[in-house]
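All residue numbers for the sequence shown refer to this note's numbering, where the first residue is 171 and numbers rise by one.
No lab work stands behind these hints, which were simulated from the structure alone.
In this text the structure is predicted, and so the values were computed from the model without any measurement.
There could be a bad hint or two in this list.
[Unchecked claim] Between beta-carbon pairs, the in silico distance windows are: (1) 260 / 236: 35 to 45 Å; (2) 242 / 302: 33 to 43 Å; (3) 294 / 255: 19 to 29 Å; (4) 266 / 294: 37 to 47 Å; (5) 244 / 323: 41 to 51 Å; (6) 226 / 265: 40 to 50 Å; (7) 302 / 264: 36 to 46 Å; (8) 294 / 269: 17 to 27 Å; (9) 243 / 323: 39 to 49 Å; (10) 206 / 255: 17 to 27 Å; (11) 290 / 209: 35 to 45 Å; (12) 239 / 272: 33 to 43 Å.
[Unchecked claim] Simulated crosslink set (DSBU-like; lysine-lysine; CA at most 35 Å straight-line): (13) 265 / 255; (14) 266 / 254; (15) 255 / 182; (16) 254 / 182.
Note that the Cβ used here is the ideal one computed from N, Cα and C, for glycine as well.
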Amino acid sequence: MTSELNKKVSGKPVNGLEMALASTAVATAKAQNYHWNVTGMAFVPLHALFEEIYAEHFEAQDTFAERIRMLGRTVDGRQSEHLKKSVLAEADGAKKPDEMLLDLASDQERLSALLLQLASAADEEGDAVTNDLAIERAHVHDTFAWKLRAHLT
Numbered sequence: 171m172t173s174e175l176n177k178k179v180s181g182k183p184v185n186g187l188e189m190a191l192a193s194t195a196v197a198t199a200k201a202q203n204y205h206w207n208v209t210g211m212a213f214v215p216l217h218a219l220f221e222e223i224y225a226e227h228f229e230a231q232d233t234f235a236e237r238i239r240m241l242g243r244t245v246d247g248r249q250s251e252h253l254k255k256s257v258l259a260e261a262d263g264a265k266k267p268d269e270m271l272l273d274l275a276s277d278q279e280r281l282s283a284l285l286l287q288l289a290s291a292a293d294e295e296g297d298a299v300t301n302d303l304a305i306e307r308a309h310v311h312d313t314f315a316w317k318l319r320a321h322l323t
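Can you build the whole structure from these sequences, using the hints too?
Here's what the structure looks like:
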């Protein structure tokens, strides 16, 4: 059975949600990888910040997946599929702390931009819930980008 919402919303917002889920999954894994591997004088604050990021992003994945289901699609949670759909790339943990900070900050900015595009697509479709979710998530990513870049000054 198709709900009224499923009838109204085209594939564009759902495709954007799938890309947001995939990109968030890649960002989660990267932040956790950096959390495990960060070293140096800033170990304690960066270790904590990277954990804050991956823990928050892990919860966001569930939010995106549930919204995708509400819009009538199944969710493919395989990491291989996430890597195909993500706007972000994986990274190993063999980076200096400043490189980790720059990489994660750039990812947060890319996630924010992706979500603002999703918000626009959802707005065009009259999907206020997805629009609101995307704008809220863009704010989260903007905040993380700011926090990460603050460590570089």
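Notebook entry, point to check: Out of the numbered hints, which ones does the structure contradict?
Noted result: 1, 2, 6 and 8
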